[in-house]
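Chemist: Listed below are the residues making up each chain.
Protein chains: 2
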Amino acid sequence: MGKPNLKAELVSVGTELLLGEIVDTNAAHMSQRLAEIGVDVHFRHTVGDNLGRIVSVLEPALSRSDAVLICGGLGPTQDDLTRESIAQVTGRPLRPDAAAQQHLREFFARRGYTATPNNLKQATVPEGGRLLDNTCGTAPGVLVELEGAGGSPGSVLIAVPGPPPEMREMMRREVIPYLAGRQGGPPIAVHTRVLRLADIGESSLVAEIDDIIREQTDPTIAPYASPGEVKLRLATKSASDDEAARRLDAMEARLRERIGRHIYGVDDETMEVAAGAALRAAGATVAVAESCTGGLVASRITDVPGSSDYFLGSVVAYANEIKQRVLGVPAETLEAHGAVSEETALAMATGVRGLYGADYAVATTGIAGPGGGGDGKPVGLVYLAVADAEGAVCLRQNWPGTREQFKRRVSQYALNLLRKRVLGIEVEG
Amino acid sequence: MGKPNLKAELVSVGTELLLGEIVDTNAAHMSQRLAEIGVDVHFRHTVGDNLGRIVSVLEPALSRSDAVLICGGLGPTQDDLTRESIAQVTGRPLRPDAAAQQHLREFFARRGYTATPNNLKQATVPEGGRLLDNTCGTAPGVLVELEGAGGSPGSVLIAVPGPPPEMREMMRREVIPYLAGRQGGPPIAVHTRVLRLADIGESSLVAEIDDIIREQTDPTIAPYASPGEVKLRLATKSASDDEAARRLDAMEARLRERIGRHIYGVDDETMEVAAGAALRAAGATVAVAESCTGGLVASRITDVPGSSDYFLGSVVAYANEIKQRVLGVPAETLEAHGAVSEETALAMATGVRGLYGADYAVATTGIAGPGGGGDGKPVGLVYLAVADAEGAVCLRQNWPGTREQFKRRVSQYALNLLRKRVLGIEVEG
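Those sequence lines, one after another, are chains L and C. Residue 35 in our numbering sits at position 17 of the first sequence, with consecutive numbering throughout. Residue 37 in our numbering sits at position 19 of the second sequence, with consecutive numbering throughout.
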């Protein structure tokens, strides 16, 4: 029993998606998770909050696919029609689920609210179906198994909530294990590995490994760029985790031989994770002094669970007076060189290191824009410094772009600078 | 002639989209541009590089929609099947286009390459159709007008290339003017307005304006929730900008009468923008002391251009010793009440206010998780304080969720607390 490599279709529900007001990152996430267990997604659809149109998409999907996954439209409002659409397309009326209603009442009571009738609508389930626990929100998921011809296993309809954290958690806890079980046997899954690179641009990277990219068959190799970072995604299909790992290992080794010095992390190992791991291994602590990044470096460091083990804190010094009074940047330095200068960056790093009693410190000062350029200091100019017991070094960069891109890129670079200093890798200007 | 409000469907072609390797930002962009000229997108589909499956999506789309837009699959490789799919679904064979072939040959010659037969495949067009110039790449677009029943205008099939800059430019130069012309008359565009709310959950909001939502016809009203924030999206269709603004104004006024106390911003006016505007209007400055938010409050404040006018800086004090030594939280307070307590939050706010010489200060201290709970202080517990010359107040909240949700929600609440204090709005616990 079990059906290897289920065929699936995804349906995203929401008028705001069709209007282009939000980008459908949920669909990409769900697709990835399904690919990982070997479920083949053949079609994806997006449809507005309209009962007839949702049903018109579900009908052909159920007739040709083993699993139809719906995302969104499970909320408490009249716009939320996913439950009703499932009832209509399967011919199974909605029934209240006592346990789910109780769960919702308790959820609201814990927050000091009373569940409204709208909320309780979320605790209904199509006859013969079941609800999936939502551990981070109010809307439970829905799962209905349909009968195939002659009593054979038919397709399954699964609905998950639209808010991304709720969807992700429900996919991880409920949907993926369920579908993996339904497939039975070892599925031919897509196995991927992402190599994360620093200090190299996408086109230089592609030029450096041009021959490897040209020859690629299995694993496939695809480069992606985002502000301050380039990634290489390796992918291979295999029913065996070991075989897939062997192929990915071999390709990774080949790439590392060529461009290993640029690879700082693998898969979910972001720069804040890599920098944190280096600090943890060294048994060292870090403090941050931020001007142009405005707290983003500290915020990224503290996105990592357990970062309190090595992160002491940050001084965000936007005003010059704070750089002077709190971080101890000398007035003469600010006067002679300005806030955006090598001298100020170095003084900020050494200042916060002393103030916080940290082993390492990083500092950022630059012009995020759109205003503030001039005097030979253009928008996008930034100085980054890292300090430890041995001394301090500073790098000058120029990254024009939006304010958001600038902050992101500078924070990435600052974390990389910290990581390299802790690992004893030489810093190139 | 002309058909107001064309009904359209979008089809994104590419296996990498179905695998979730890239997020389909093109679809959102195309949807937005179409909504602006009043084209109603009813369905969106994503399909892999497979001729049969592309055709199976195009067939029903052409039968029910006035315009079907395809994005992607126009490249030179064997994976690129959009042209062949159009030929098959319309029954019109592909013919070479001499002008386009010449254009391609010149394009490659300028770059020192010779156009391959693969490249020249891009310069073929279904009989009776025409190619659309690609001003930033090699793949021309394709446009085929079909005949309706009895010689009436039928639907139109348009394909644009997948690389985002090429797609955007072709939409702007060719597709949007063409569809606007096909609609005739002034386009009936979708005009939207987003009201941003604080201190209310989605279900309470819906309960409070249930009658208005039930009666909605024009503008339509739809609620959306994200961590720490609920939004109400108003939308109306009109050929006149003034008329649309009048309708949106009237609905906004009606909603403000009922729930105006919860509306903090409109459209792009995020909480950091609203808090910054309040500070700017008051001619006041702010400093921040952050523990559990780890710099996110400061980072959000500094996401706003010009925030250096009112933001002095932040102290991120992750370690207790920093709370004590830099922010001046008394050792006895930490000892007696712990770092996550009302007393510590208040001492952090007043401490950073004094240190930075700011008019206002906000502070956060809580347990982001996943570790760190216990002792009657669960993960998700947070204390937020705001201080000014009049004194300080503190609120206790409990928001279990992921680390990311927690940080986001606490930062939203802290900025709201600041905004309300500056505006003289009473803070409810």
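Derived from the structure by calculation, the hints contain no laboratory data. There could be a bad hint or two in this list.
Identical chains share a label here; the pair holds if one copy fits it or two copies do between them.
[As the list claims (entries may be wrong)] Only pairs whose alpha carbons sit at most 20 angstroms apart, straight line, appear in this in silico SDA-like list of lysine to any residue: (1) Lys-249 x Thr-43; (2) Lys-438 x Asp-151; (3) Lys-139 x Asp-58; (4) Lys-25 x Leu-80; (5) Lys-249 x Gly-146; (6) Lys-25 x Glu-184; (7) Lys-139 x Arg-123; (8) Lys-249 x Ile-40; (9) Lys-249 x Pro-182; (10) Lys-25 x Arg-113; (11) Lys-438 x Arg-298; (12) Lys-25 x Gln-50; (13) Lys-139 x Tyr-242; (14) Lys-139 x Ala-117; (15) Lys-255 x Asp-97.
Chemist: Would you mind marking each hint as holding or not holding in the structure?
Modeler: Verification of the hints:
no., hint, result
1, Lys-249 x Thr-43, "both (18 angstroms within a copy, 19 angstroms between copies)"
2, Lys-438 x Asp-151, "neither (43 angstroms within a copy, 36 angstroms between copies)"
3, Lys-139 x Asp-58, "neither (33 angstroms within a copy, 30 angstroms between copies)"
4, Lys-25 x Leu-80, "within (11 angstroms within a copy, 25 angstroms between copies)"
5, Lys-249 x Gly-146, "neither (45 angstroms within a copy, 35 angstroms between copies)"
6, Lys-25 x Glu-184, "neither (24 angstroms within a copy, 32 angstroms between copies)"
7, Lys-139 x Arg-123, "within (12 angstroms within a copy, 62 angstroms between copies)"
8, Lys-249 x Ile-40, "between (24 angstroms within a copy, 12 angstroms between copies)"
9, Lys-249 x Pro-182, "between (23 angstroms within a copy, 16 angstroms between copies)"
10, Lys-25 x Arg-113, "neither (29 angstroms within a copy, 36 angstroms between copies)"
11, Lys-438 x Arg-298, "within (14 angstroms within a copy, 40 angstroms between copies)"
12, Lys-25 x Gln-50, "within (14 angstroms within a copy, 31 angstroms between copies)"
13, Lys-139 x Tyr-242, "between (43 angstroms within a copy, 17 angstroms between copies)"
14, Lys-139 x Ala-117, "within (13 angstroms within a copy, 60 angstroms between copies)"
15, Lys-255 x Asp-97, "between (40 angstroms within a copy, 18 angstroms between copies)"
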